[in-house]
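Those protein sequence lines, which keep their order, are chains A and B. So the first sequence is residues 1 to 522, counted in my numbering. So the second sequence is residues 1001 to 1207, counted in my numbering.
Errors might be hidden in some of the hints.
[Said to hold, decoys possible] Once the Cα atoms are required to be at most 25 Å apart in a straight line, the calculated SDA-like pairs of lysine to any residue come out as:
| # | chain 1 | residue 1 | chain 2 | residue 2 |
| --- | --- | --- | --- | --- |
| 1 | B | K1071 | A | A30 |
| 2 | B | K1006 | A | K261 |
| 3 | B | K1027 | A | Q321 |
| 4 | A | K261 | A | Y179 |
| 5 | A | K360 | A | M295 |
[Unchecked claim] According to the in silico footprint, chain B covers these stretches of chain A (three or more CB under 8 Å from chain B):
| # | stretch |
| --- | --- |
| 6 | 310 to 319 |
| 7 | 341 to 354 |
| 8 | 426 to 440 |
| 9 | 445 to 455 |
Just so you know, these hints were derived from the structure itself, not from any lab. Keep in mind it's a predicted model, so treat the numbers as computed, not measured. The beta carbon of each residue, even a glycine, is placed where N, CA and C say it ideally should be.
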Amino acid sequence: MTLNANKTKRASSKRARVSRSAAAEREFRALLDAAVDAIVVIDHQGTIEEFSLAAERLFGYRAAEVIGSNVNLLMPQPHQASHNQYMQRFAETGEQRVIGIGREVRALHKDGSSFPCDLAVGRVSGVDPPRFVGIIRDISARKLAEEQLRRSETELRLAQQLANLGNYVVHLDGSEPDYFSPQMYRILGAEIDSRTGTLAEYLDEWVHPADVDRLRGAFAEMDAGSGSLDVEYRVTLRSGSAKHLHHIAQTIYDEQRRPAKHIGTVHDVTDRRHAEDLARQLQERLTHFARLSTMGEMAAGLAHEINQPLAAIATYSQASQRMLALPQHDPADVLAALTQINAQALRAGEVIRRLRNFVKNREVKREPVDCTRLLEDLRTLAETDARLHNIRLRIESESALPTVYADPIQLQQVILNLVRNAIDAMLDVPGHRREVVLSTRETSDGEVEITVADRGTGLAPDAAEHLFNPFFTTKAGGTGLGLAISRSIVRAHGGRLWHTPNAGSGARFHFTLPITPAATGE
Amino acid sequence: MIKETKPTVFVVDDDAAVRDSLRLLLKSVGLPVEVFESGQEFLDAERDDRPGCLVLDIRMPGMSGLELQVKLNERHSILPIIFITGHGDVPMAVEAMQAGAVDFIQKPFRDQDLLDRINQALEKDAGSRRMLAERNMIRKRLESLTPREREVLDLVVAGKANKVIAGDLNLSQRTVEIHRARVMEKMEAHSLAHLVRMVLEVERPEE
């Protein structure tokens, strides 16, 4: 408490009180004790003259205990010492520090604890030596609330920083200034509190050109009535580096159901994206490696598969030569042979094309895939192995299956892997059982289910347990990666891969893929 | 060379193009040809044991070429088999040869190589059929002999003189001579040596 003193000495509290009339004295007492805030009256030397009821409650002293003592006993160190200096200076120079202004100070309770308070000081006019009235309000609760608010703001800022998450509020009617959290600026690498600009400017200046339309569409959809937005896009910073942002926003409506403001968060997911990219690249390399090794294992069958059309071409052309050498030949026969030569050359080319597609190291690309067509494409590769082992491959496909959203080559890889496993399971079974059935159907859960069934030896219980573990294999030359990779491919497509015993004998491997939603927006 | 029914080349191959090209090739050289897409289809077909040969793909889904060969052997088929093999099918080809196949040919093949093998197979088939027919004829002639004539024949083939035969059978030598002349006539034998050869021909395999 920086109370002041007067030059003049001598002003006993007793004499002052005596000079008042008894009625005024009673009024003053009532006023003093009714006041919610603590009131302390001191003389020019700092000696306490009055101590209100509220003051007693606030400081824990009885009035009788403190009246006559120096007011600095209500102040914690170092204010106690400096208060005496203030009083001294006021007495010498009349310099006022606090009178009429009020300030926030700390006060000392009788029990030794200190607390924050607002202090207002007034000088009692018309008396000499001067006297002073101090009004003290406990602001512990307010300070606590303020402290908590400040702490939660700090924590929020810290959390946003750690999570790389910024938030904002945009008032659509301009009634209040828009708010952008510091992390919003940091994410974009912009000066904090720099001009924020309009959405159009944001799209123009920051958003990656390839993503602009998508983000604009998302905002348009929110404004058109969906009321919310959840979109991921890239921004290009001034530094030239790119960031992946996950942007979520919501429209808040006023009482008339008119859009009042947008509140939203922007999450910098660049690191996660990069980690995902890295994991995906590793997975893709492994997957590609598995395809290559599959093709290596299938080399004999593939050679046979290409040899078939070559044999047919050779025979057709030799037959044609012989027919043309005959005095009377049927031109229709020669024409049929030539047509077939053409078709068989294309067939050989097709085998090579599918083979190349299958082993090519390519970027994984998801697209709507027609399952029926996919199985037809796969037939050549799958039959290669089947034929080599005198096994029939039967394809049972429901007509008009919906499309799935997938990488066609990876799907072929999964199916081929399952078919080859099925073939391997039947190497020792008699001829009539040597059949692999590949079937597809639409489930009631909005999925396409593809099943590969064999009539082989079935799965031993301990094999079934470890089947999907990497490097687990029951085959002499197996890598043990086929099923593990197949399962991870299926999972990456949002499906499941499992197996059941086949009725009678053998095993059935199933996997599902979610059907492409009616409108697929990448 | 082959007088009776013209021999047929039977082709069993699951690959439609290979099957059809073989059909055209064989047709172009004037050979009757019938094609089948599986071993089962071939087994089910009514072939009435017609002469010919079988051109058989060694690898087929379901019943393989080797399995069909086993089934035909079980049915005492004499149809000569030429196997069509791919690269690297040598072990299977060896197995097929051990089970009685006449030959095998790797595809793609030169038409003349295949046709040569087919001709050899057809000749072999014709030969075995001629032999079978001859045996049947001999058996028929043998069946036309009376019990007494048969007794005389057996002793003649055993190399006994008429006098000895007469003694063995308690007949006059003159009667033996008459029986013997009837046997030669019924058996259409040009000489004693011919007669002996015919009898040995049908009786040796039955041992």
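> Against the structure shown, which of the earlier numbered hints fail to hold, in ascending order?
Replying inline: 1, 2 and 9
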